[in-house]
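Colleague: Required output: the full structure, derived from the provided sequences and hints.
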Amino acid sequence: MLTKKSQSALVWIVLFVALACFPWLATWAGQDFYIGVVIRIMIFAIVASSLNLILGYGGMVSFGHAAFFGLGAYAASIAVVHGANNVWLVWTLAAVVGGISALAVGFVATRTRGAYFIMITLAMGQLFYFLFVGLRQYGGDDGLRMPTRPALGFGLDIASESVFYAVVLIWTFLMHLLLARLVRSRFGLALEAVRENESRMGAIGYSTRQYRVIAFAVAGVMAGVAGALLAMHNQFVSPKMLHWSQSGTLMIMVALGGMGRLHGGFLGAAVFLLLEEVLSSYFSYWHIFVGAILLLVVMVSPDGLAGLGRLFKRKAATPVDEGHAP
Amino acid sequence: MGTLLLEQTLNGLQFSVTLFLIAAGLTLVFGVMNFVNLAHGSLFMVGAYFAAWFAGMSGSFWIGLLCALPATALVGLVVEVLVLRRLYAKDHMVHVLATFALILIFNDLVRIVWGPLPLPLDLPSGLAGAIQLGPVPYSSFRLVIMLSGVLVGLLLWLLVTRTRMGMWVRAGANNREMAIAMGVNVKWLYTAVFTFGTVLSALAGVMLGPFVAVESGMGDGVLILAFVVVVIGGIGSVLGAAAGALIVGVVDTLGRTALPALLSAALPPTIATSLGSALGSMMIYLVMVVVLFWRPSGLFPANS
Amino acid sequence: MALQISGLGKRFGGLEAIRNLSLQIAPGTIHALIGPNGAGKTTLISLLSGFLAADCGNIDFFGKPIQHRSQQERVGAGLVRSFQITSIFPSLTVLENLQVSVQRRHHRGFGFLAAAASDRRAREEAATLADRVGLGRHLQSRGDALSHGMRRRLDVGLSLACAPRMLLMDEPMAGMGHDEADEVVSLIRSLTPELTILLVEHDMDAVFALADRITVLVLGAVLASGTAQQIRDDPEVRAAYLGTEGAS
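Protein chains in written order, with numbering that gives the first Met the number 0: chain A, 0 to 325; chain B, 0 to 303; chain C, 0 to 247.
Everything labelled a hint here was simulated from the structure, so no lab data went into it. Every residue gets a Cβ at the ideal spot worked out from N, C-alpha and C, and that includes glycine. Take these hints with a grain of salt, some might be off.
Below, a sample of chain B positions facing chain A; criterion: calculated Cβ distance under 7 angstroms [what the hints assert, rightly or not]: (1) L96; (2) I104; (3) F226.
Partial selection, computed: residues in chain A whose CB lies under 7 angstroms from chain B [as the list claims (entries may be wrong)]: (4) A122; (5) G247; (6) V289.
Modeller: Quick look at the structure:
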């Protein structure tokens with residue numbers, strides 16, 4: 000029997016291969032439209048996973064995460080509008096902007112606890128939202144177009160959908176690898192322990208606030224890059240990308256997929272966006288279904304869909320029997 | 000300029016009153032049940048919808064108001080008993096997700112029931128005019144809103160500080176175990192607090208209805224501001240809600256109207272309007288961040 | 000002396016919680032602190048751990064004065080406190096619980112990319128600690144799947160992971176059933192003579208089973224101090240405290 004880690008790796012390899020083959024399949028079946036859908040899913044998988052780091056692993060209910068997503072998108076778009084034509088530069092800029100803003104927000108927010116933390120992250124997210132609404136020279140409420148996608152180099156044309164798909168695919172897997180490495184590290188273990196019992200960790204000698212702020216910053220970097228990718232995909236960005244309702248959507252994705260589970264972000268993004276795709280084509284009022292599903296999931300399985308499996312296993316398991324003291 | 004400032008200040012106060020009505024219920028639910036209720040804005044919306052519906056059918060704003068309050072209270076009661084009760088013991092993340100789900104459900108539900116277009120809610124004919132307040136003619140209805148809000152505030156203060164029920168609420172806000180030990184039926188206390196908060200929120204919705212469009216999603220923006228009020232004022236405290244509402248209402252209104260005017264003295268008009276308006280909207284969040292940095296539990300928290 | 004307290008005092012406004020308290024604890028022994036509610040036992044523990052600062056008096060830990068040192072510094076010096084309420088990491092496994100406590104001592108940095116599963120030294124020490132507290136066969140069990148008694152033992156394990164020289168234990172028997180209490184008593188006894196233990200407890204069976212010396216605290220001052228037999232026989236103690244409990 001393979002170890003859990005090897006099982007997980009196998010699933011990801013299969014997934015990578017399947018996703019890599021997908022564009023060809025889609026084109027062959029005449030369903031090119033879905034290539035764009037899958038690109039969107041992969042981009043949201045990255046940003047949802049970044050929120051999973053804060054929310055699931057870190058236990059911090061951040062209601063302003065969409066701000067870093069949007070900041071990355073705007074950083075990329077504004078750079079291109081001002082003439083940047085090197086995608087590596089643009090990605091770096093988006094990552095830095097996402098990371099630094101998340102560092103700042105994290106630093107301020109971690110002064111508070113509980114409901115106040117939720118509110119302060121929401122407020123700071125709204126600050127960024129209104130900032131872009133007010134910046135008329137970058138479109139304001141109407142949004143900003145990205146005239147061209149910045150160049151990739153290596154003789155590849157990033158304007159081509161298949162090249163862009165490959166780029167997003169590679170980013171998705173790189174980000175997943177980064178997340179996997181991070182959550183399985185000493186840092187990841189400590190972060191989860193801080194989530195479970197912060198005062199005990201303080202008593203043991205950890206600077207718990209540092210761990211939280213760093214998690215925030217890393218998540219900000221990931222979200223920033225994802226934002227840049229979305230801006231490049233749509234060649235458009237609007238302040239709505241930073242709105243608290245977008246943060247709520249990201250939280251739904253993480254909750255659906257499984258908080259604190261490695262594939263939580265990916266699974267959640269896929270399920271949510273596919274649901275959106277399917278439901279919106281049949282019903283004008285499909286939000287009510289999403290709401291109902293989310294409510295059901297939250298009330299039945301707090302670990303999200305990924306936790307449903309464990310829920311069934313737990314019911315069948317025998318309770319731990321008493322050990323004896325030496 | 001002076002009359003404009005006076006009018007805007009009055010509008011700010013009226014907005015404060017509306018915010019107080021919404022925030023009072025929110026802060027009590029927060030304080031007594033330790034429950035983060037994002038769906039509070041949805042009940043505000045449902046109140047406005049019921050009022051518009053009943054008023055439309057009967058032709059009278061007041062009938063609309065009188066029918067909307069119990070109708071919305073019933074909706075709130077059903078939600079509390081069926082959904083929220085199971086969630087009190089869980090952590091805030093679950094509350095946020097579940098009540099966010101309720102927002103989604105309610106936003107579509109009102110459109111399914113009443114259609115996608117906004118419903119009209121007319122000012123009551125008796126109060127459609129204006130009263131001369133010194134140099135400024137001010138809408139009578141807005142004055143009535145302010146008056147009723149102050150009355151409700153006083154009533155609430157009396158209830159919370161002078162009655163036995165109020166004592167239970169304060170005990171619950173401070174110490175749940177003690178409340179149980181005192182023999183309080185916690186389950187029904189929670190339901191009562193939640194329903195009361197719902198009624199206040201619905202009242203705010205009905206009163207604001209004539210000024211804003213009664214449409215799906217109308218509660219979302221107001222919800223966020225109500226949360227800012229609660230956090231600035233301090234969770235669980237009605238006094239805090241009043242203080243917070245005053246600050247938020249006035250800062251937000253003046254900020255959004257005064258800033259563009261101030262900026263247009265220095266900047267070209269289009270930039271001044273949009274930048275000023277954006278900065279104005281940001282003001283209240285900046286104030287909140289500053290307050291929380293200085294007082295991480297708000298100005299008058301219940302559990303100090 | 001492991002711990003030498005002299006003239007310790009603490010006021011809370013008008014209330015004198017600890018009055019001119021002096022106490023000595025020999026290394027490798029278990030010293031129990033008993034007394035009625037409100038006597039100041041938990042306050043004393045808080046003063047010793049550094050959670051509260053004393054108004055006056057000296058605390059010497061293995062010869063070094065610590066009354067002005069912070070909580071973190073006292074933990075670093077080997078003086079570790081455990082709490083009344085079991086405080087573990089519920090969704091982490093027993094191994095992870097202990098590993099995260101141990102790794103703090105082994106490594107300086109954050110270890111962003113260093114796999115926790117590959118940290119052999121920390122894992123081995125964590126497994127050894129688990130054996131020490133009788134949880135060696137439950138390394139992969141989640142904290143919240145453990146029984147009350149096992150959680151308490153894990154809690155002790157987390158304290159041991161800080162490599163303490165002395166443990167301040169605040170009511171470790173609290174909420175224990177009879178069998179569970181026996182296990183915890185055995186565990187505590189097994190910790191000496193390597194460790195020195197100051198034990199605050201109400202469970203008299205446990206106190207008389209474990210304590211080398213007992214100090215009785217009443218209204219913030221020492222009423223009596225001596226061996227278990229001396230305390231049992233002391234008429235003042237019987238009157239003030241044990242008399243109503245009917246200890247035989």
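Colleague: Now look at each hint and say whether the structure bears it out.
Modeller: For each hint, the structure was consulted:
Here the hint on L96/B is kept, as its CB sits about 5 angstroms from the closest CB of chain A, short of 7 angstroms. Interface hint at I104/B: satisfied, since its Cβ lies 4 angstroms from the closest Cβ of chain A, which is below the 7 angstroms cut-off. The interface hint given for F226/B is met, as the beta carbon of that residue sits about 6 angstroms from the closest beta carbon of chain A, less than 7 angstroms. Hint status for A122/A: holds, given a least beta-carbon distance of 4 angstroms to chain B, under 7 angstroms.
Checking G247/A against chain B by beta carbon gives a least distance of about 5 angstroms; that is within 7 angstroms, so the hint holds. At about 6 angstroms, the closest approach between the beta carbon of V289/A and any beta carbon in chain B falls short of 7 angstroms, and the interface hint on this residue holds.
In this structure, every one of the numbered hints holds.
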